[in-house]
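**Student:** Here is what each chain is made of, one letter per residue.
There are 2 protein chains.
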Amino acid sequence: MAPTITAFERSPDRGKGLARDMRVRWAFEEAGQPYDVRLVSFEQMRAPAYRALHPFGQIPTFEEGGLTLFESGSIVLHIAERHPGLLPDDANARARAISWIFAALDTVEPPIVDRSMATIVERDKPWYEARLPMLDDRVRKRLGQLSTRLGDTDWLDGAFSAGDLMMVTVLRRLNGSGLLEEHPNLAAYVARGEARPAFKRAFEAQLVVFTGGPSSV
Amino acid sequence: MAPTITAFERSPDRGKGLARDMRVRWAFEEAGQPYDVRLVSFEQMRAPAYRALHPFGQIPTFEEGGLTLFESGSIVLHIAERHPGLLPDDANARARAISWIFAALDTVEPPIVDRSMATIVERDKPWYEARLPMLDDRVRKRLGQLSTRLGDTDWLDGAFSAGDLMMVTVLRRLNGSGLLEEHPNLAAYVARGEARPAFKRAFEAQLVVFTGGPSSV
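Here the protein sequences line up with chains A and B, keeping their order. Residue 71 in the numbering used here sits at position 71 of the first sequence, with consecutive numbering throughout. Residue 204 in the numbering used here sits at position 204 of the second sequence, with consecutive numbering throughout.
Hints listed in this document are in silico derivations from the structure and should not be mistaken for laboratory results. Cβ atoms here follow ideal geometry from the backbone N, Cα and C, with glycine treated the same way. Please note: incorrect hints may appear among the correct ones.
Some chain A residues near chain B, calculated using beta-carbon distances under 10 Å [claimed, not checked]: (1) Arg51; (2) Phe62; (3) Leu67; (4) Glu81; (5) Phe102; (6) Leu105; (7) Thr119; (8) Glu122; (9) Pro133; (10) Met134.
All chains should be modelled from the sequences, with the hints used to inform the complete structure.
**Tutor:** Written out as structure tokens, the structure is:
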């Protein structure tokens, strides 16, 4: 039986693939592994039954046999460790690719999420306009450092890995901000990720949830 | 030769063990593994030589033989995977413990860091007083969910693991805020972590950097 993940019944991003199930869908597609999706409402995510799966009431979760996991980073790593295609064979290169998963989630994503959250929940606050440039600059600092490291290479450390998968999904959250476009090599890096057949399949699968087409994966 | 990590030459927390090298020191101590520390100044962290080790110019880094890693989550996981004492043997329990590493860093830590950063860099801003309750509430939301999950157990999922190590270090960053104390089971959980002999050894080792005692580890 294929593993089951959870995703938003109604994604706040209206099918742009910015929710965190996208990372896991993409990882399954890169690994060539089938998966099932159970859609959950915001009400269901607050219920004790869901909290038993995910203590923080978020998506995605991962269930396979007797194992339940949460946190997109953990689920992507789990898939990457068990199937070829997402981590190098060499032990050192593998550890470095895992460093990039953590860097994407712990160093690059927080200022990006902060900025998006502010544009949603603090837009009407009197301080919004004054704070936004500061939030932009925090994002810019990380993008500048990442751009320097990436240079003119295709991926962060040799061949495409789960580290790139995670970083691309994190950078995609800047969609519409104009910040990514300040670094042409990063914009090209994201486009390179989005051009992968596995990304496209994952993107279509999450889009169908929003457009209401056939819902089987 | 023992691996070498980097840590602040002058830690902004003045020896409270809140910087991210503490996690890695603690992991080494739990695993009973020796390590060396190279102290770096803020100026050194901005230099190209350091950026070659850590693209985002932070501490800690990890170097062993030809391998360089960065991001405290990645380094702790690397140590935990290679030495007994930090991850369960059972494959499913192991994957769940890794979920907790990610939960600590990606779900619990961001609102805690946001709050501490605001108390430092936005204290003089006109909106500081008005925003602080909102930042407190974001932290409270995660603490409430974590407290519910922990219940009256000692650790998050069975025996002490790298997931607990990471969560305890994340919660310790609330030091002085009064927020942790709103959940006696979480305060006790952190105290339980701090009472471990390995924690104490790691704490002393980082304290010595600040107090200027013997600097060998």
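**Student:** Quick one, is the Pro133/A hint okay against chain B at 10 Å, beta carbons?
**Tutor:** Result: violated, 13 Å to nearest chain B Cβ.
**Student:** Does the CB of Leu67/A sit less than 10 Å away from some CB of chain B?
**Tutor:** With a minimum Cβ separation of about 5 Å from chain B (threshold 10 Å), the hint on Leu67/A holds.
**Student:** Would you check whether Glu81/A satisfies its interface hint, that is, whether its CB is within less than 10 Å of any CB in chain B?
**Tutor:** Since the shortest Cβ distance to chain B is 9 Å, the answer is holds.
**Student:** Is the shortest C-beta separation between Phe62/A and chain B less than 10 Å?
**Tutor:** With a closest approach of 9 Å, the Phe62/A hint holds.
**Student:** Against chain B, run the beta carbon of Leu105/A and see if the smallest gap drops under 10 Å.
**Tutor:** holds, 5 Å
**Student:** Per the CB criterion, is Met134/A less than 10 Å away from chain B?
**Tutor:** Constraint on Met134/A satisfied, holds at 8 Å.
**Student:** Does Phe102/A pass the interface hint, meaning its C-beta sits closer than 10 Å to a C-beta of chain B?
**Tutor:** holds, 4 Å
**Student:** Against chain B, is Arg51/A within 10 Å by beta-carbon distance?
**Tutor:** It holds, given that the least Cβ distance between Arg51/A and chain B is near 7 Å, below 10 Å.
**Student:** Tell me if Thr119/A is really an interface residue toward chain B, meaning its C-beta lies closer than 10 Å to one of theirs.
**Tutor:** Result: violated, 15 Å to nearest chain B Cβ.
**Student:** Can we keep the Glu122/A interface hint, with Cβ of chain B closer than 10 Å?
**Tutor:** Hint holds; Glu122/A Cβ to chain B Cβ min 8 Å, cut 10 Å.
Of the hints listed earlier, those the structure fails to meet are numbers 7 and 9, in rising order.
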